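Colleague: In case you want the letters, here they are:
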Amino acid sequence: MADLLLSITDLKVGYRVYKGQLKVINGVNIEVRKGERVGIVGETGSGKTTIARSITGILPKAGRISGGKILLDGKDVLTMSAHELSILRGQKVAMIFQDPTSALNPVLKIGSIMSDIIGYAYNPDGSRIPKSQIHETAVNALGSASLPDPDRILASYPFQLSGGMRQRVFIAMALATPRELLLADEPTTNLDVTIQDQILRLIKTRVDERHVSMILISHSLDIVSEMTDRVYMLYGGTVVEQANTRDLFENPYHPYSRALMSCIPKLSGGGIASGISGEMVNYLAPGNGCRFSSRCSKALPVCVTEPPPMVEVEPGHRVACFLFSEKQRS
Amino acid sequence: MKTFNRAMDSTGNAIYKFSRNKVSVVGFFMVLLVVVVAIFAPVLAPYPKSAGALIDFDNASKAPSLTHLFGTDIEGRDILSRVMFAFRGALVMGLGVIAMIVPLGVLVGLFAGYYYGTFIDTIIMRVTDIFVTLPALLLALAVASLGRPSLFHSMMAVAFAWWPYYARLTYSQTSSIRNETFIKASETIGAGKRHIMFAEILPNCLAPIFTKMALEIGWVILMGATLSFVGLGEQPPTAALGTMVSDGAQYLPAQWWISVFPALAIAFIVLGFNLLGDGIKNMVSTEVL
Chain A
36 MADLLLSITD LKVGYRVYKG QLKVINGVNI EVRKGERVGI VGETGSGKTT IARSITGILP
96 KAGRISGGKI LLDGKDVLTM SAHELSILRG QKVAMIFQDP TSALNPVLKI GSIMSDIIGY
156 AYNPDGSRIP KSQIHETAVN ALGSASLPDP DRILASYPFQ LSGGMRQRVF IAMALATPRE
216 LLLADEPTTN LDVTIQDQIL RLIKTRVDER HVSMILISHS LDIVSEMTDR VYMLYGGTVV
276 EQANTRDLFE NPYHPYSRAL MSCIPKLSGG GIASGISGEM VNYLAPGNGC RFSSRCSKAL
336 PVCVTEPPPM VEVEPGHRVA CFLFSEKQRS
Chain B
19 MKTFNRAMDS TGNAIYKFSR NKVSVVGFFM VLLVVVVAIF APVLAPYPKS AGALIDFDNA
79 SKAPSLTHLF GTDIEGRDIL SRVMFAFRGA LVMGLGVIAM IVPLGVLVGL FAGYYYGTFI
139 DTIIMRVTDI FVTLPALLLA LAVASLGRPS LFHSMMAVAF AWWPYYARLT YSQTSSIRNE
199 TFIKASETIG AGKRHIMFAE ILPNCLAPIF TKMALEIGWV ILMGATLSFV GLGEQPPTAA
259 LGTMVSDGAQ YLPAQWWISV FPALAIAFIV LGFNLLGDGI KNMVSTEVL
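Note that the protein sequences, when read in sequence, are chains A and B. Residue 36 is where the first sequence starts when you use my numbering, and the numbers rise one by one after that. Residue 19 is where the second sequence starts when you use my numbering, and the numbers rise one by one after that.
Calculated pairs, SDA-like style, for lysine to any residue (alpha carbon to alpha carbon, straight line, at most 25 angstroms):
id: 1; chain 1: A; residue 1: Lys-166; chain 2: B; residue 2: Met-215
id: 2; chain 1: A; residue 1: Lys-333; chain 2: A; residue 2: Val-348
id: 3; chain 1: B; residue 1: Lys-67; chain 2: B; residue 2: Ser-264
id: 4; chain 1: A; residue 1: Lys-96; chain 2: B; residue 2: Asn-197
id: 5; chain 1: A; residue 1: Lys-69; chain 2: A; residue 2: Glu-244
id: 6; chain 1: B; residue 1: Lys-202; chain 2: A; residue 2: Thr-79
id: 7; chain 1: A; residue 1: Lys-166; chain 2: A; residue 2: Ser-150
id: 8; chain 1: B; residue 1: Lys-202; chain 2: A; residue 2: Ala-97
id: 9; chain 1: A; residue 1: Lys-166; chain 2: A; residue 2: Ala-190
id: 10; chain 1: B; residue 1: Lys-202; chain 2: A; residue 2: Asn-158
id: 11; chain 1: A; residue 1: Lys-144; chain 2: B; residue 2: Glu-198
id: 12; chain 1: B; residue 1: Lys-202; chain 2: A; residue 2: Ile-122
id: 13; chain 1: B; residue 1: Lys-202; chain 2: A; residue 2: Ser-137
id: 14; chain 1: A; residue 1: Lys-96; chain 2: B; residue 2: Arg-212
id: 15; chain 1: A; residue 1: Lys-144; chain 2: B; residue 2: His-213
id: 16; chain 1: B; residue 1: Lys-211; chain 2: A; residue 2: Thr-84
id: 17; chain 1: A; residue 1: Lys-333; chain 2: A; residue 2: Gly-313
id: 18; chain 1: B; residue 1: Lys-299; chain 2: B; residue 2: Leu-50
id: 19; chain 1: A; residue 1: Lys-144; chain 2: B; residue 2: Lys-299
id: 20; chain 1: B; residue 1: Lys-80; chain 2: B; residue 2: Ala-267
Source of the hints: derived by calculation from the structure; they are not laboratory data. All values derive from a computational prediction rather than experimental measurement.
Generate the whole structure from the sequences, applying the supplied hints.
Modeller: See below:
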């Protein structure tokens, strides 16, 4: 497909630890089209951040990509040289981190960080942004992130700004340059609720204005349902369900998705949700079967022994579950 | 000096932080005095000719008096004048060695820390470890005795023994900063190795480096004096504090002034730099005072 910006096929990522190999990401397939907003939802430890870090090549030292392909604009990120990768990053990718405090160099002023970022970016035609325009670009970017008094902010150190301002600054930086893919890794986790709402609105408007693609990573179903076009539901390092956002939230198929949705407290009452019993998968020995099988109320014998197939239940709505596969019916 | 300025909020703030510690202001004036005296020694010294090879047996071994405040040595040279001239060598020693070892040590440490966990790191750091296991003074003595004794050779010897400590300091800083999110962030946007090492990591290492540097100039001068005490530094007749102490040692305790005043001069200069170092430490700390 021509308008495919990012395609991840059969990605496998593990971490070396003292006790052995953590098999975290197990055969994940993700596609992002140009201008599309994609959400990746999953609970803590389901591998969301690992996927984001694999895309940008900033896995921790213990992390190892053991299989699969990550094609960014048709080029394989995993096989290219470090130099090519840094150029590609400069051209295509921007990332918003969970914690804007630790993602800004504490001894550099915002102005100098921004001029580095803008200076490292490329225009779509491969040229660099001229030095004379860097300041103007920075001021415009801060302005569009609704930050008042850009000049004062450019002259400040990160610790002189509030948490919400830092995240705004970060968004301004991420979208200051013509990059095509915005990776937002839990952009509002460390902010309080009122600021969270403002930041999400800001991301949404900026992404729409710039027509960039976005991958929003979050554990919050609310945020993902508001912000994205399409959702990948992640459990234990595997995609259990993928669909258009509306379809998935209105009509979840996978037992995990259903259990998760029923956990959302409703205003109409009904008491505290029951939650999902059991524990997260043990990544050291995840077994061959469906990783949710040990907690699944509808688990079949086959679920424990064989990996579930990806079944298209409706056009564009895929579920990785034996409950919906031919195998189970026969 | 762009990065240096980045490490401080503003000159005014830096001066304020420095002046909060009165003792460091005293240190600053002590160092200033030494520097001024060293520069203007030919003008300020009461007997400028005493700096070189002067023999004046009429005035030999005179006790401190109004004409010779610090007394004279066995060749009749004025000790005060000689101390003033010896400050020159001491300052060249301290500043010169620091100017050699800090860039070298920092570069090595930065490089090894950036490649933390790889064989580059292993090789560089094991070599520095070997240096560190040898007592610095012994190593410096050994190296200094290889060549013809001179001030320059003794500086090289001290530098040779001292740089690994800067490499290790920078290395430990770099290897931890390397994994901070903001480094990952700048990698994500396509920053290269050079940018990450020098523009992102280095500014974060500067505060401890400056602190160590400021606190150690005094110790470097002391080590230089030690080398010249055993005859491996500046050669006679040029005045050197260590040589003056050792020359007078055999006339102790009767003609105590020959050794004691140069020794006090060493103490003065080392103390001055150490107190100044404390002030600089406050100045570069990011703590909001």
